[in-house]
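Protein chains: 2
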Amino acid sequence: MEFSSKLLEKAVSEMSQLPGIGKRTALRLVLHLLKQPKEQTDFLTQALTNMRNDIKFCKNCHNISDIEVCEICANPSRNYKIICVVEDVRDVMAIENTGQFRGIYHVLGGKISPIDGIGPSQLNVASLVEKVKAGNVEEIIFALSSTMEGDTTNFYIYKQIKDSGVTTSSIARGISVGDELEYADEVTLGRSIVNRIPFENSLRNI
Amino acid sequence: MEFSSKLLEKAVSEMSQLPGIGKRTALRLVLHLLKQPKEQTDFLTQALTNMRNDIKFCKNCHNISDIEVCEICANPSRNYKIICVVEDVRDVMAIENTGQFRGIYHVLGGKISPIDGIGPSQLNVASLVEKVKAGNVEEIIFALSSTMEGDTTNFYIYKQIKDSGVTTSSIARGISVGDELEYADEVTLGRSIVNRIPFENSLRNI
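Line by line, the protein sequences are chains A and B.
Using the UniProt record's numbering, read the first sequence as starting at 1 and increasing by one per residue.
Using the UniProt record's numbering, read the second sequence as starting at 1 and increasing by one per residue.
Chain A with its partners taken away, still in its complex shape (with noise of 0.2 Å):
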């Protein structure tokens, strides 16, 4: 693309930085900032800027918050003892979505990825498997995405847990409710019918 301004240029150059926007795409967010208000664009870079500069992450579970210890694990009525290990804050939000949980979690901030060149010490793993051996943990739950990577940060995890008595967990895999049988992958249908569960348990509400 030939730009007939380096300030454009560059602009749409940092925008398309960011992961699934194209330079076609960082031209029309770009273009458009320029339609609007000026203060449109302040509020953005502000808000970017101060973000970046000034979040804090809670000191237990390493979820994004703008205090030491996040509201979940500052709540005296969670469980303590249930520990839900995660990639990111995003998948917090979610489980916290279902109103299913009340334990905490574990934040680790990415996957095992040799590929992308993320070992476990880029990751929260230490800060996990210290709580789990200083004890008053009596189950881990992992709820890592089901890909080669987070079953490795899954298994790399456990093998240092697995002697200090703990109890393990995974998140159940299989149709998602409301899915047709038929269009359902082959290794999730396999992986729901080893892993069933007792008909009166798929009888209570969520």
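Be aware that a few hints might be false.
Lysine to any residue pairs mimicking SDA-like chemistry, simulated, CA-CA at most 20 Å apart [unchecked claim]:
#, chain 1, residue 1, chain 2, residue 2
1, A, 56, B, 6
2, A, 23, B, 43
3, B, 38, A, 57
Over the 12 Å line for every Cβ pair with chain B, so calculated as not near, a few chain A residues [what the hints assert, rightly or not]:
#, residue
4, 6
5, 152
6, 201
7, 202
Selected chain B positions facing chain A (Cβ under 8 Å, derived; list incomplete) [stated by the list, open to error]:
#, residue
8, 31
9, 48
10, 87
11, 91
12, 92
13, 99
If you're looking for bench data, these hints aren't it; they were derived computationally from the structure.
Built from N, CA and C at the ideal position, the CB exists for glycine as well.
With chain A's structure known, arrange chain B on it following the hints.
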């Protein structure tokens, strides 16, 4: 969506003001920035701020430019008597890419759209009419997109300049090169028959 941090929520909310960016996508983009070095956010916000504050528009054609008169308008080998009327800088880039046009442009900055509250006074229409009335223009080529707003804008300008003796033309509408007839929409196919061209002309290679 329930956010665990106000800073995060604000950043997502500002990001999702951009067209085509919903809350979920905004969250993905913002979390990506959080994972990257701080500099990436600084580069992005700086580029956007610089662009919004310092960008200039060519005083002749209103195209985005870092200098008073853009490179196209300042190029002595261009034919100043042929003016192609376009909506925005993206159209200039697209037409320049074809290498088929040696005239200059006039960027309206939008289309007349009563629904969005955009009238002729918000667009660079008056300066175009002035240019035509001052003489020195031989042909005006309308190259707006073929929508109701585009047609309205074309016609609005046409009415104001038709008595000044300037030639007016519209870019050809028809079946895209390489497209199958059966998949073309009726209106386009109909227009392509009504506005058929001498066969010899179709032999011209671009």
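Which hint numbers does the structure go against, in order from smallest to largest? Result: hints 4, 10, 11, 13 break, sorted rising.
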